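Enquirer: Heads up, the sequence shown is in my numbering, so the first residue is 29 and it goes up one at a time.
Because the hints were derived from the structure by calculation, they are not lab data. All figures in this text were calculated on a predicted structure; none of them were measured in a lab. Mixed in with the good hints there might be a few duds.
[Said to hold, decoys possible] FRET-style restraints, in silico, Cβ to Cβ:
1. L355 to P328: 19 to 29 Å
2. G528 to P342: 36 to 46 Å
3. A367 to D326: 20 to 30 Å
4. E329 to S709: 34 to 44 Å
5. P98 to S709: 41 to 51 Å
6. G343 to R313: 27 to 37 Å
7. M151 to D630: 22 to 32 Å
Note that beta-carbon positions come from the ideal geometry of N, C-alpha and C, so glycine has one too.
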Amino acid sequence: MSEDLMSPKTRALLTIEDLRTYFHTGDGVVKAVDGVDLEVSAGKTLCVVGESGCGKSMMARSVLGLIEPPGRVESGAIWWQPDLEREHVDLAALDPRGERLRRVRGAEIGMVFQEPIAALSPMYTIGAQLVETIRLHSDLTADEAKDRAIAELARVGIPQPHKRFDAYSFQLSGGMCQRVMIAIALCCDPALLIADEPTTALDVTTQARILDLLGELQEQTGMAIMFITHDMGVVAQVADEVAVMYLGTVVERARVDDIFASPAHPYTEALLESIPSLDDRRKSRLTAIAGMVPHPGDRPEGCGFHTRCRAAMPGLCDVETPDRHQLEPDRLAVCHLYAPAATDRDPLATEHEPVETVPPERPGPVVPRTTAGSGDTDVPGPAEEISAVDGAVGPLLTVSDLRVHFRVKHGLLRRTAWEVKAVAGVDLEIRPGETLGLVGESGCGKSTLGRAIVRALEPTAGAIWYRDSGSEPVDLSTLRGRQLLPYQGKIRMIFQDPFGSLNPRKTLLQIIGEPLRRLPNGVRSDSSVPDRVAEMLRTVGLRPEYMSRYPHAFSGGERQRINIARALITQPRLVIADEAVSALDVSIRAQILNLLSELQADMDLTYLFISHDLSVVRHVCDRVAVMHLGNIVEQAETDRLFDAPRHPYTTALLSAVPVPDPRRRGGEGRIRLDGELPDPSDPPSGCVFHTRCPYLREERCTSDVPVLVSGPDDHRVACHHAGDLDLTRLSGEESPGRIATARDIRLVPSKEM
């Protein structure tokens, strides 16, 4: 075992040496993991970061022998020593199907997978799956295993664990399923937990609770954690050490403070520069990494990163593979910048401007439609109040008391047993040319509202007033069938999942061109479709010759560009982006956000931007609406809402955002919301937030429904006591960027009221 990988202060539980995991395919050898060296120390958290395709998950699966054919661990060692009383064992040398490695899985090393819904079987209760794992690695009886399983559910914060024991995964929220996965991974008290993107798809409050839970369990049990993620904000909050992977290799390893304070590798620096921050200037262009991660089967010569590196040295980086340089006892970097021939060069010279991929054939801006202008108005009700008055331009779209209820049928006669009130009376306006952010936890009704606006869902009640240029407002909620067709080209949607939202059996020409044929005056001949699709592909930064390819040939970022092209092919006025960047790596996310900003300017677009990533929302949005349990609880101009929130729920959301700065970790300023979202089929009386609000007052909150009231600067809030709560962001060097907690709240009249 290599001595330089061992820390002098802590003992390594897991030491990986020159690990290589290859896939032997008909097209050649794919080097998914290509020489990884790292260690995980007892009681510590190692975060492994990098873009999709860098080999993070394959490295983790190699540790547990979970590589499926045609893949296999080609060479290298995985040394495992859970305690000093045992000898080191090389997991890579064990039979993946053998008894010894099976004992390691679960009993000694637990794993939490990225998609809890997919990892949990829908055919068995969560209790049955827990009991199976416990009995596999212990001598407990069935009754003893059940008691242990219920105790494990309680330990990870599952409410009413006795009842949840008999529940199925599809009956639980995403956050609850992730807790169940953690319970299964920890039920045998492993020495090491491998968490593969455990919070990627979760909203900020659920993510914060999962991170808190892992931290608390680590303190209680002393386990080590290998945390795989591409979220640098999460890394700053949980990591002791960080390993940065690129194309199957660790290119930098250091303590978390050093990574964020002075990144040594150009790739690490580029990842950090791509992060939108709550402190960033709004609407500024994000720094994106040039290009995309090459396919492991088509690795560039020399340094794998040189094709995207702004500090690349021609004749060296594109020819020779860089050596590993031990910069400090606890720090290494794999880069030519630290070779003797380059020691007189500033490793991350600032004169190298960041480069972003923009295909050379991209044309000039699309000619925008002529609009009547822009302006600010209050939310109107009937159509006549939306009309332009005295030259002022009204909102492009106005949602008035919109409700979307889903009837749940039960029994032999399929009678309605109850209703799920997903959207419970929303009032909202979207102004021409703006980006309106819509935020809230998963299950609050954001996506349902967006789908109702595009009429993918049928509204139960309310109105959706759409005002096209120079025409009278039209209530889209009253239109059916062919009446809707003209407006389905004017209001389009970009979906969250870039992989699942494209038909794998259709080419890009068919996928992007299909909306044109559905319009009332759509393309009747196929002759002009290729030209229009080619133009749109250029617009979103893809080559026209790609139109004959199928979706599987593209990366996640490229697929999202295809989704954007499909949404914009009809020249819409309003685009609803439903978590359009949440599934993307930080660098690809920066590219897509920059693209959306360019297209908004070029095509005079208006966006409804649905997201749970508040740092992205602050960066791209002009105004923000906060949604909770089917209701808008606060709405304001972006900077005003982030700097001076007036609803306790908004404050809790903001306080849960992970800050990409290890110096701000600790969470002492975060408001922790108790419990999950209430059941939308049986919402609480009064204020729907009162069951979780730290400032609850029984006399009104539990009985009276608050109304969205407009205050100064059109800052609207639905809270009975907004005028008495000071929820502003605290200042001072001791707690930079901290949000007020319950202890900080002063019940004094607000000057703004």
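Enquirer: Give a verdict on every hint.
Expert: Going through the hints against the structure:
1. L355 to P328: 19 to 29 Å: Cβ of L355 to Cβ of P328: about 24 Å, so the range 19 to 29 Å holds.
2. G528 to P342: 36 to 46 Å: Hint holds: Cβ distance 41 Å, inside 36 to 46 Å.
3. A367 to D326: 20 to 30 Å: holds (26 Å)
4. E329 to S709: 34 to 44 Å: About 59 Å separates the Cβ atoms of E329 and S709, which means 34 to 44 Å is violated.
5. P98 to S709: 41 to 51 Å: holds (48 Å)
6. G343 to R313: 27 to 37 Å: holds (31 Å)
7. M151 to D630: 22 to 32 Å: Given about 50 Å between the Cβ atoms, the range is violated.
Checked against the numbered hints given earlier, the structure breaks hints 4, 7 and satisfies all the rest.
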